[in-house]
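Asker: Listed below, chain by chain, are the residues.
There are 2 protein chains.
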Amino acid sequence: MSIIVLGTVALDTVKTPFGSKKHMLGGSAAHFSMSARLFAKVNLVAIIGEDFPPKYIEFLRKKGLILTSLIKEKGRTFKWQGEYRGDLNTALTLNTELGVLSAFRPCISKEQRKIKHIFLANVDPDIQRHLLSSMQSPQLVGLDSMNYWIHHKRQGLVRLLKKVDIYVANDQEARDLSGETNLIKAAKCLSSYGPKMVLIKKGEHGVIFYTDKFIIAIPAYPTDKVIDPTGAGDTFAGGFMGYLTKARKINSETLKQAIAFGTIAASFNVEGFGLERTSRLSLSELERRLSRFRELVVF
Amino acid sequence: MSIIVLGTVALDTVKTPFGSKKHMLGGSAAHFSMSARLFAKVNLVAIIGEDFPPKYIEFLRKKGLILTSLIKEKGRTFKWQGEYRGDLNTALTLNTELGVLSAFRPCISKEQRKIKHIFLANVDPDIQRHLLSSMQSPQLVGLDSMNYWIHHKRQGLVRLLKKVDIYVANDQEARDLSGETNLIKAAKCLSSYGPKMVLIKKGEHGVIFYTDKFIIAIPAYPTDKVIDPTGAGDTFAGGFMGYLTKARKINSETLKQAIAFGTIAASFNVEGFGLERTSRLSLSELERRLSRFRELVVF
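Read top to bottom, the protein sequences are chains A and B.
Be aware that the first sequence starts at 0, since it is given in numbering that gives the first Met the number 0, and climbs by one per residue.
Be aware that the second sequence starts at 0, since it is given in numbering that gives the first Met the number 0, and climbs by one per residue.
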């Protein structure tokens with residue numbers, strides 16, 4: 000089964016209490032792909048600039064990703080610079096350079112238009128809408144966004160949510176977009192905008208998943224090995240959407256499994272800088288930790 | 000099986016977005032007892048003043064609690080006044096009147112000294128130590144504290160922890176006492192002070208339980224019905240310790256069950272002001288919601 004993910008491929012400069020790295024391969028689509036690839040054929044839709052290191056393209060190709068819609072344009076690659084302090088729960092953005100991202104219009108092949116599982120990772124809602132409108136027969140559409148778009152393109156985002164099956168947000172985004180402080184109320188409100196399913200990521204506190212039929216709550220994998228949390232949410236989404244793509248059906252059981260796989264994928268992501276850990280992750284490793292996780296949380 | 004709980008019996012004045020109540024029956028030992036009574040014979044050790052309404056004593060007696068060590072002294076009952084805003088996660092203390100609590104020296108009967116399960120709910124560590132030293136053969140000792148004692152009687156608290164099996168703390172207390180931001184690291188550090196088991200309560204985010212052999216993580220019961228969270232932590236502890244007292248053995252399975260029962264007891268507590276909801280809670284109600292909870296979190 001195939002999944003198509005739209006998002007960013009970026010050069011990340013990150014500082015955490017455990018060190019700093021300059022211009023690592025990063026971005027929402029790259030992190031998503033690194034876990035989704037364990038379950039499905041991943042078609043990556045993103046833009047890079049002329050300064051993008053060819054070794055990174057080679058790296059993505061070797062991971063089995065379909066890169067025909069990873070387009071290179073004149074200009075500079077999207078760059079993000081951030082720092083984590085204290086409990087590493089919140090990133091402090093020091094600098095953002097949009098570069099080629101500011102004029103990105105995704106363009107995919109005729110074959111890719113037929114893909115039924117779609118994830119719109121965090122980019123401008125206009126770009127997300129543009130890609131979604133070119134898909135022929137979407138079956139499962141997930142969307143992630145961020146506070147910047149909630150505050151600057153709220154209307155466009157809310158309009159887009161009507162066409163989305165699963166809205167993936169972190170707790171602060173869910174509260175900001177809904178205006179509700181209680182997360183269950185927030186999820187209910189967000190679901191009324193269109194998505195039948197709302198998944199709220201709470202970082203070290205795990206996930207709440209809401210539909211009007213049932214709610215799922217899964218804690219995070221308890222770990223004290225947090226080196227760099229950048230991309231943990233996207234890695235979660237990749238494991239979650241990847242598993243659902245492979246499972247081919249949506250019910251409370253497959254959803255719980257998908258959330259658990261996403262949770263474990265994210266727990267590997269935070270153990271290294273950027274894609275360090277997830278790029279060498281295997282499905283059997285993921286399954287081994289999942290079974291340990293099950294012992295910790297299943298009563 | 001019997002359990003003895005030392006703590007406060009208070010008159011609480013609480014304001015939440017859903018209303019306000021004056022001089023309700025409250026306090027750490029009262030909330031603890033209301034859930035522990037569903038599993039074990041609860042011996043309540045606390046002090047009240049001359050202004051304590053006789054109807055509240057009658058109320059506690061009718062709930063099946065042993066009140067021989069609920070002593071009345073000259074002076075006024077301990078009073079707490081607080082307010083919750085926004086997501087109701089944090090209480091804003093508006094006023095505290097210690098009253099008779101400031102000169103409290105617990106005094107228990109010869110029979111009570113033989114009780115093997117002991118919970119030292121939040122009071123001055125000196126009072127907690129005093130009670131513990133009068134117990135003949137403690138088998139399972141749990142202790143809860145609060146930030147005030149962590150900052151004002153740190154040494155006494157840390158000394159007391161050596162004699163404790165389970166230290167129950169909320170996330171902020173765990174971070175403050177350990178100096179660690181990551182909660183797993185915090186739990187490890189706190190365990191090194193003495194308690195083999197450390198249970199960290201994260202409010203709406205559930206619980207992390209640490210021993211050097213395994214870690215348990217259980218989410219909170221997802222609910223949007225939060226009227227008044229006062230005493231939720233104590234209600235959790237009551238369900239948790241009560242279950243372990245009834246189970247008579249400690250292993251990863253009984254601990255997970257105990258945490259789940261505590262979680263569900265707390266989810267009832269927040270649905271009403273003070274003891275409103277938990278005072279009319281039955282074990283079968285608790286079990287019914289636990290089985291719904293299982294469906295939401297077990298994958």
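Take these hints with a grain of salt, some might be off.
Where chains are identical, the list cannot tell them apart; a pair therefore holds if satisfied intra-copy or between any two copies.
Here are the simulated BS3-like pairs of lysine-lysine, each with C-alpha atoms no more than 25 Å apart in a straight line [to be verified]:
| # | residue 1 | residue 2 |
| --- | --- | --- |
| 1 | Lys245 | Lys62 |
| 2 | Lys54 | Lys113 |
| 3 | Lys187 | Lys255 |
| 4 | Lys195 | Lys224 |
| 5 | Lys40 | Lys245 |
| 6 | Lys40 | Lys187 |
| 7 | Lys40 | Lys212 |
| 8 | Lys20 | Lys152 |
| 9 | Lys113 | Lys224 |
| 10 | Lys109 | Lys184 |
Bear in mind the hints are in silico, worked out from the structure with no lab data behind them.
Asker: Hint by hint, which ones does the structure fall short of?
Answerer: 2, 6, 7, 8, 9, 10
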